[in-house]
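Novice: Dock chain one against chain two, each of which comes alone in its own frame, and use the hints as you go.
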Amino acid sequence: NAGVTQTPKFRILKIGQSMTLQCTQDMNHNYMYWYRQDPGMGLKLIYYSVGAGITDKGEVPNGYNVSRSTTEDFPLRLELAAPSQTSVYFCASSYSTARAATNEKLFFGSGTQLSVL
Amino acid sequence: KNEVEQSPQNLTAQEGEFITINCSYSVGISALHWLQQHPGGGIVSLFMLSSGKKKHGRLIATINIQEKHSSLHITASHPRDSAVYICAVPSGGGADGLTFGKGTHLIIQP
Chain A
10 NAGVTQTPKF RILKIGQSMT LQCTQDMNHN YMYWYRQDPG MGLKLIYYSV
60 GAGITDKGEV PNGYNVSRST TEDFPLRLEL AAPSQTSVYF CASSYSTARA
110 ATNEKLFFGS GTQLSVL
Chain B
2 KNEVEQSPQN LTAQEGEFIT INCSYSVGIS ALHWLQQHPG GGIVSLFMLS
52 SGKKKHGRLI ATINIQEKHS SLHITASHPR DSAVYICAVP SGGGADGLTF
102 GKGTHLIIQP
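Here the protein sequences line up with chains A and B, keeping their order. Using the working numbering, you'd call the opening residue of the first sequence number 10 and step up by one each time. Using the working numbering, you'd call the opening residue of the second sequence number 2 and step up by one each time.
Looking at chain B on its own, in the form it has when it is part of the complex (with noise of 0.2 Å):
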């Protein structure tokens, strides 16, 4: 079964300022999904990434398939960024979904 740590917790920052969230795995994976959860609840898929990089307005993800290893960007951040961010991978042994990280709570203060 794959295991997902990300980093930091929880990450308090100012508007405007570059932001990076991490995310490892256990098992060599071929997709990796960032999730975004409003602070309303609601759940909305951001990437899914296989390999290289992905931008999306001012969100940027990247994905070191050799390291594990997945790392979330926001530029120029907005308190509109604020919101728990999401890694997950599949669950492996045999079960289709996905093993969910515990999220990154971010807030991003004017």
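Next up, chain A with everything else stripped away, as it sits in the complex (with noise of 0.2 Å):
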């Protein structure tokens, strides 16, 4: 079972590329969701998804971009990017929302650390 798995797990960017960063789960979970980790700081949620096309925004969406194709995949686009978007990335699923009571895990991919110079 490979759980969240995220690609890629380093990348380095300069100013105005694009790029993809991957996300799939073969849990079957409804919700999942992109952070993004600075240092000192808490995890800031940048999109989620509660199913195959649904998106919506989350705490710092500005400059990502997400679709949901499928149940498996929730990729995240980084559009022309800048400095300020240099993070460690992780993608999450649940099987249901993450403010339910009954929701016992979310599970993490291993994380994308990107650069952007």
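Please note that the accuracy of each hint is not assured.
[Stated by the list, open to error] Listed next, the in silico DMTMM-like pairs over lysine to aspartate or glutamate satisfying Cα-Cα at most 20 Å (straight line):
(1) K53/A <-> D97/B
(2) K53/A <-> E4/B
(3) K2/B <-> E68/A
(4) K66/A <-> E4/B
(5) K103/B <-> D47/A
(6) K114/A <-> D97/B
(7) K53/A <-> D65/A
(8) K103/B <-> E6/B
(9) K53/A <-> E6/B
(10) K66/A <-> D97/B
(11) K103/B <-> E68/A
(12) K2/B <-> D65/A
(13) K114/A <-> D82/A
Derived from the structure by calculation, the hints contain no laboratory data. Keep in mind it's a predicted model, so treat the numbers as computed, not measured.
Specialist: Below, the structure is given as structure tokens:
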């Protein structure tokens, strides 16, 4: 059982370049999330999805786009990369909403360390 | 939007000591998560709790909904417990997803 698979693990971009961070899960989870983690700060929600075809903005969506064409995949697109997007990115998934008492666990990918120079 | 405060930010202890990490939040919630981030960066979910107490091995998590406070305890601490421990609560404001604390960096010395 692979869980949440995130690629790539590391990437260096030049200012203005674009890239897609891939995230796939094999647990048939409806809920998927993208977070970024900056040094000394808590993870911040970029975008989330409650099911295929449904996405919504989180706390820090500017400069990013997402899509959810299948239950398994939730790619994060960076357009026109900026130094402020240097961060560690985590994809996560869960069976039900993170707000619900019925949700026992979140599953995280291994992270992508992105530098924009 | 829910705000999360964790204490202490850093904690160094000797092997075998009883460890307590605290988490306070500002808005009433239905669920609180405790997570562990390994030195390599990977994040693992430890507990989700909505009331009372949960125990898994040497880890115990408690929550007081009225006081908006949760604690994570580690009994008989071991160097392999060294990690960052993160508390997270529902963000509120209509968005799904969580608001995370900044984490408690725990080092257990042999």
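Novice: Next, verify each hint and record whether it holds.
Specialist: A quick look at each hint next to the structure:
no., hint, verdict
1, K53/A <-> D97/B, "holds (12 Å)"
2, K53/A <-> E4/B, "holds (12 Å)"
3, K2/B <-> E68/A, "holds (10 Å)"
4, K66/A <-> E4/B, "holds (19 Å)"
5, K103/B <-> D47/A, "holds (10 Å)"
6, K114/A <-> D97/B, "holds (15 Å)"
7, K53/A <-> D65/A, "holds (14 Å)"
8, K103/B <-> E6/B, "holds (8 Å)"
9, K53/A <-> E6/B, "holds (15 Å)"
10, K66/A <-> D97/B, "holds (9 Å)"
11, K103/B <-> E68/A, "holds (16 Å)"
12, K2/B <-> D65/A, "holds (16 Å)"
13, K114/A <-> D82/A, "holds (19 Å)"
The structure is consistent with each of the numbered hints, conforming to all of them.
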